[in-house]
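Q: Kindly produce the complete structure, drawing on both the sequences and the hints.
Residue numbers (our numbering), protein chains in the order written: chain A, 96 to 383; chain B, 96 to 383.
Derived from the structure by calculation, the hints contain no laboratory data. Small disclaimer: the values here were computed from a predicted structure and weren't measured. Heads up, a few of these hints could be off.
[Stated by the list, open to error] Now the in silico label distances, taken between C-beta atoms and shown as ranges: (1) A:P223 to B:Y342: 28 to 34 angstroms; (2) B:R319 to A:N371: 55 to 61 angstroms; (3) A:R143 to B:K147: 45 to 51 angstroms; (4) A:E103 to B:Y342: 49 to 55 angstroms.
[As the list claims (entries may be wrong)] Under 8 angstroms between C-beta atoms, here's a sample of chain B residues computed to sit facing chain A: (5) Q112; (6) N212; (7) K235.
Don't be surprised by glycine CBs; every beta carbon is placed ideally from N, CA and C.
Number of protein chains: 2
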Amino acid sequence: MGIDSIIEIIESSQEMQARSEVIRLSGKKIGLFPTLGFLHEGHLELIRQVRKRSDFVVMSLFVNPIQFGPNEDFEKYPRDTEGDLTKAKGKGVDMVFMPPVSEMYPAGFQSVVRVDNITKHLCGRSRPGHFEGVTTVVAKLFNIIKPHMAVFGQKDFQQLAVIRRMVKDLNMDIEIIGVPTIREPDGLAMSSRNKYLNQEERKSALSLKKAMDMASKLAGEGERETKNIITSISELILSYPFTNIDYINICDPDTLEDINLLKEQSLLALAVRVGNTRLIDNCLINIG
Amino acid sequence: MGIDSIIEIIESSQEMQARSEVIRLSGKKIGLFPTLGFLHEGHLELIRQVRKRSDFVVMSLFVNPIQFGPNEDFEKYPRDTEGDLTKAKGKGVDMVFMPPVSEMYPAGFQSVVRVDNITKHLCGRSRPGHFEGVTTVVAKLFNIIKPHMAVFGQKDFQQLAVIRRMVKDLNMDIEIIGVPTIREPDGLAMSSRNKYLNQEERKSALSLKKAMDMASKLAGEGERETKNIITSISELILSYPFTNIDYINICDPDTLEDINLLKEQSLLALAVRVGNTRLIDNCLINIG
Numbered sequence: 096m097g098i099d100s101i102i103e104i105i106e107s108s109q110e111m112q113a114r115s116e117v118i119r120l121s122g123k124k125i126g127l128f129p130t131l132g133f134l135h136e137g138h139l140e141l142i143r144q145v146r147k148r149s150d151f152v153v154m155s156l157f158v159n160p161i162q163f164g165p166n167e168d169f170e171k172y173p174r175d176t177e178g179d180l181t182k183a184k185g186k187g188v189d190m191v192f193m194p195p196v197s198e199m200y201p202a203g204f205q206s207v208v209r210v211d212n213i214t215k216h217l218c219g220r221s222r223p224g225h226f227e228g229v230t231t232v233v234a235k236l237f238n239i240i241k242p243h244m245a246v247f248g249q250k251d252f253q254q255l256a257v258i259r260r261m262v263k264d265l266n267m268d269i270e271i272i273g274v275p276t277i278r279e280p281d282g283l284a285m286s287s288r289n290k291y292l293n294q295e296e297r298k299s300a301l302s303l304k305k306a307m308d309m310a311s312k313l314a315g316e317g318e319r320e321t322k323n324i325i326t327s328i329s330e331l332i333l334s335y336p337f338t339n340i341d342y343i344n345i346c347d348p349d350t351l352e353d354i355n356l357l358k359e360q361s362l363l364a365l366a367v368r369v370g371n372t373r374l375i376d377n378c379l380i381n382i383g
Numbered sequence: 096m097g098i099d100s101i102i103e104i105i106e107s108s109q110e111m112q113a114r115s116e117v118i119r120l121s122g123k124k125i126g127l128f129p130t131l132g133f134l135h136e137g138h139l140e141l142i143r144q145v146r147k148r149s150d151f152v153v154m155s156l157f158v159n160p161i162q163f164g165p166n167e168d169f170e171k172y173p174r175d176t177e178g179d180l181t182k183a184k185g186k187g188v189d190m191v192f193m194p195p196v197s198e199m200y201p202a203g204f205q206s207v208v209r210v211d212n213i214t215k216h217l218c219g220r221s222r223p224g225h226f227e228g229v230t231t232v233v234a235k236l237f238n239i240i241k242p243h244m245a246v247f248g249q250k251d252f253q254q255l256a257v258i259r260r261m262v263k264d265l266n267m268d269i270e271i272i273g274v275p276t277i278r279e280p281d282g283l284a285m286s287s288r289n290k291y292l293n294q295e296e297r298k299s300a301l302s303l304k305k306a307m308d309m310a311s312k313l314a315g316e317g318e319r320e321t322k323n324i325i326t327s328i329s330e331l332i333l334s335y336p337f338t339n340i341d342y343i344n345i346c347d348p349d350t351l352e353d354i355n356l357l358k359e360q361s362l363l364a365l366a367v368r369v370g371n372t373r374l375i376d377n378c379l380i381n382i383g
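A: Written out as structure tokens, the structure is:
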């Protein structure tokens, strides 16, 4: 069975734009689920959330080269187009926008959409250029697909914050829906990169969730100094084999700036390498 | 008579967006004429061109602070709101979007739209940050006003090229209409900044047009070396009192990169200070 018999696929931005314009003029609300693919249960929850709020759901399926650094995993990023299309169809996606790289970045391409301050923290520190790549491709997808709303996972907390900021600053008339992280039964956040983990690494990957639980417990017991919390949970993570900490930050959930003392609501964000696989996770810590 | 009795004025981006969405859904084509104001005959020609192609014409009237450098003329940029509204109404503008600066750039604003390569030449060299300010505000205006088409003057040749590039690269579904420069009877390009010129400077301002005429004549006589043409016309300009050359470039009209020999079509672009007033002009030189 050819993949185009599963669901309607559009590869040309101009054709997608023309189709979207007609859908908008018919009065239907377009919902966008943008993804790099290799769909897991976390993604399917995103589709469910946008499906129930909109009349016509478009999934964009595009591994965006400009959001990967030169030493990152663009080439080997896991891909399963046929599986993704089947899952998308099953969850009620109406149309897939799946452009080749040359359609998105033809010769002569030279424009950038950038968010400044909040991209300088957390992943922005360890992945220079990453968020410029994200905001540029998302701005393009918004202009091509013309959605009324778009859905993003809270697992990429900073990405969600950056996109909300871009939408607000540049007056994009699009509702951004953030969806809570879906986890494996033992607590590991769902991620396409979990596929890279071998059996031993998979056990160590749980250290991120254990660290977040410990942080909430310490806060519940009255600890307010973020550096004490970070020290304790760093030790916990490093007690697991194959772990390397990229960053652990406790910050303001709006500005993403580091804080010394817990606020009423604080964001704990982690990026940890387990073997060669970089995992991220985050949680809000509330004190009351 | 209050200015709001002349023509409908909208100050809120959200209200403008909602109004534009209704107009689009009614099937009408929206045309945008974005301006800093102080309208002259050149602007009115832009309105005429967009008026005849669209069903509903919106003029945005906004002196955009982020496209002016710290030592430029933002504060003293000429303003005549009531005159502008009257002229716009007379030429068939249907609605004016006139936001306060705080509406366009509220606290926390931190996003930028940037075009890279072609902004590095000509005015980009002498006005760092200028084009980032232009592309950012134009992207915002496009998202707020949701036009099907927008009109820009060819007098700002580089600005027009930069906006076309942004629209193409970021897949904005908007037709960009470039309109030829309108000139005074003696040849001076219409510009809001001409108002700054005193009587003597006004005479020297004509040196830009004289230089362009000389360049075309030299090319017609067989001169192909751009440096010879630039030397001759620089001498001509400097023979007028109060003139200072900011730049004179002959370049590829697409990339705006300098060229050594004339091509079939080449762009001559000039920026000259006459007294304290910076004037720009340009023309295409065709050789057969």
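Q: Between P223 (chain A) and Y342 (chain B), is the Cβ distance one that fits in 28 to 34 angstroms?
A: holds (33 angstroms)
Q: Is the interface hint satisfied for Q112 (chain B)? The criterion is a beta-carbon contact with chain A at less than 8 angstroms.
A: Holds - the Cβ of Q112 (chain B) comes within 8 angstroms of chain A, reaching about 5 angstroms at its closest.
Q: Taking the closest Cβ pair, is K235 (chain B) under 8 angstroms from chain A?
A: holds (5 angstroms)
Q: Hold the hint about N212 (chain B) up to the distance rule: shortest CB distance to chain A must be less than 8 angstroms.
A: Given a least distance of 5 angstroms, the restraint on N212 (chain B) holds.
Q: Using the Cβ atoms, figure out if E103 (chain A) sits within 49 to 55 angstroms of Y342 (chain B).
A: Given range 49 to 55 angstroms: holds, Cβ gap about 51 angstroms.
Q: Between R143 (chain A) and K147 (chain B), does the beta-carbon spacing fit 45 to 51 angstroms?
A: holds (48 angstroms)
Q: Confirm or reject the claim that R319 (chain B) and N371 (chain A) have a C-beta distance inside 55 to 61 angstroms.
A: Check passed, 58 angstroms falls within 55 to 61 angstroms.
In the structure shown, no violation is registered for any of the earlier numbered hints.
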